[in-house]
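Here the protein sequences come in this chain order: A and B. FYI, numbering that gives the first Met the number 0 numbers position 179 of the first sequence as 178, with every residue one higher than the one before it. FYI, numbering that gives the first Met the number 0 numbers position 174 of the second sequence as 173, with every residue one higher than the one before it.
With a Cα cut of at most 30 Å, we get these calculated BS3-like pairs of lysine-lysine:
| # | chain 1 | residue 1 | chain 2 | residue 2 |
| --- | --- | --- | --- | --- |
| 1 | B | K245 | B | K190 |
| 2 | A | K55 | B | K190 |
| 3 | B | K49 | A | K84 |
| 4 | A | K100 | A | K84 |
| 5 | B | K214 | B | K245 |
| 6 | A | K100 | A | K55 |
| 7 | B | K49 | B | K214 |
| 8 | A | K84 | B | K63 |
Here are some of the chain B residues that sit facing chain A, going by a computed Cβ distance under 10 Å:
| # | residue |
| --- | --- |
| 9 | P27 |
| 10 | G60 |
| 11 | I61 |
| 12 | R68 |
| 13 | P75 |
| 14 | D78 |
| 15 | Y82 |
| 16 | S85 |
| 17 | I142 |
| 18 | L163 |
| 19 | G376 |
Quick caveat, the hints were computed from the structure, so don't treat them as lab data. C-beta atoms are modelled at their ideal positions from N, C-alpha and C, and glycine is treated no differently.
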Amino acid sequence: MALVDRISGALDSGPGGVILTSVDALINWARGQSLWAFPMGTACCAMELIAASFSKFDFDRMGTFPRPDPRHTDVMILAGTITEKMRPAVRRLYEQMPDPKWVVAMGNCTVSGGIFYYDTYSVVRGADEFLPVDVYVAGCPPRPESLQDAIIQLRRLVAEESIAPGRRHEQTTTLPRPKAGGDR
Amino acid sequence: MAVSVESRNLVSAPDGGSREELVVNVGPSHPSTHGVGRVIVHLDGDIVVKAEPVIGYLHRGIEKMAENRTYLQVVPLTDRLDYVGSMYANWAYCRAVERLAGIAVPERAEYLRVIVCELQRIASHMMGIGASAADTGAFTFFIYAFDQRERIIELFERLCGARLTYNYVRPGGVSFDAPQGWTQDVLAFTKAFRAAAADLDRLFFGNVIARGRMKGIGVLSADDAVAWGASGPTARASGVNWDLRKHDPYSVYPRMDFDVVVGERGDAYDRGRCRLLECVESCRIIDQAISQMHPGPVRTEGLPRLLQPRPGEAYDHIESARGSLGVYLVSDGSVRPYRMHVRSPAFCNLALLPLLAEGHTLSDLVVVLGSLDPVFGEVDR
Chain A
0 MALVDRISGA LDSGPGGVIL TSVDALINWA RGQSLWAFPM GTACCAMELI
50 AASFSKFDFD RMGTFPRPDP RHTDVMILAG TITEKMRPAV RRLYEQMPDP
100 KWVVAMGNCT VSGGIFYYDT YSVVRGADEF LPVDVYVAGC PPRPESLQDA
150 IIQLRRLVAE ESIAPGRRHE QTTTLPRPKA GGDR
Chain B
0 MAVSVESRNL VSAPDGGSRE ELVVNVGPSH PSTHGVGRVI VHLDGDIVVK
50 AEPVIGYLHR GIEKMAENRT YLQVVPLTDR LDYVGSMYAN WAYCRAVERL
100 AGIAVPERAE YLRVIVCELQ RIASHMMGIG ASAADTGAFT FFIYAFDQRE
150 RIIELFERLC GARLTYNYVR PGGVSFDAPQ GWTQDVLAFT KAFRAAAADL
200 DRLFFGNVIA RGRMKGIGVL SADDAVAWGA SGPTARASGV NWDLRKHDPY
250 SVYPRMDFDV VVGERGDAYD RGRCRLLECV ESCRIIDQAI SQMHPGPVRT
300 EGLPRLLQPR PGEAYDHIES ARGSLGVYLV SDGSVRPYRM HVRSPAFCNL
350 ALLPLLAEGH TLSDLVVVLG SLDPVFGEVD R
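Okay, chain A solo, but in the shape it has when bound:
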């Protein structure tokens, strides 16, 4: 319904960018409906990630389907603590994902280090130290509903996408990114 409204509105607004805008709307609508997820489950949050995709909560009805191959996916769900030893592997998997791609930081460990912020020597304090995180989900672990809400929030970012040059999501994302980590 929303798509139909937007296309008819764009057609009414006259020539000049009309085609481009409606293609954007069409593509972004399609993208937002089927955000395939790469489940980067490293620790406890992976259990809730599995729960979110199984019978009771059922990710599939939102078009989010976990694929274990990064090359098939649009959004990387970072579920669990990332250690210094794991960091290069996560970075490499992110780089293997095709553009456009998004990152959801699920759980306090990937938001800021969480319970492992203090007194430990091996944990990366927040995934945004080395990845461009788009949506943060707080909780230790977050409930599956929170993760589903994150996907709904992510659709807002997807709607800002454009196939026009220079408007890739890396440059146009305007949502504030809180700086987690502080002094190390």
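Once you've looked at the hints, dock chain B against the given chain A.
Relative to the frame of chain A, chain B by itself:
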């Protein structure tokens, strides 16, 4: 990243010729490594010559962190050790603290601990056999098993408000008494689960494909199980009758009537089926615990928030879903533990992987790893 060929080199074969050995990297992000495990596999064709597990991808330094926390503050950290069975690490740690500080636990709290830990055993085994079934291609079974787990998680949520990291068992008791109607719902669950377990048994362990994939794979002899320090269903499937609930009884387990499930062949099939049959025994324990439980306090009265045990050391262990889970604590008389060490059954069982995978194909390595049911939070700590 998931599976990549690292190198090819010619090695001399026993018959005097030479063969090409492939070195393949599996993990640390792989759908069948049950976490962030990594295995470097040396292959001759498709046959595993050597499998080297590489651990440490989830080393969070929990044992070191415990030295900077008070005794009560360590309990949430133990939740994150074995995140499939958080209650066990809670309980093992609290038993060590209680032994160290000489705290007596009210009877009702002991019964509640037994009930939640047996429920947790079912939840953990459902995850374990479900994930290993998914490794053999039986994803439907995973969903059925996870459905049972979800029902237990709902019961836990009503009990302590958390779905995964419970922080429920505390030194000197448990955090909350069971809410009204909770025990009835637990009884309803165990009744329903017995029927579901029969279905699950038929659905997966009676399936000809599952039998073909798992029977005779990764055979562990009883001698090897003892020599390598295996425990839990991994050891019991090999015929080692060793269950701490029976052979080093703790809490109120001596009052319970239950059987230890012991396998015969020690292969992946027996390990999986032992887990499922253990769940039915857990139902028996839960039913007895609820019928024996009386109203009363669930926390020791007058316990200071800042525990300060006398200098000394304490070790206590319980039977977790994966085996003998022990916690060793040293006190120097301050409010913080001087040292905490966790004897992790998942770590000891994972050490069996090179032994069990040798001579099988690469696809059977996945079955062997799944049948050991490692949780890397506990392996790496």
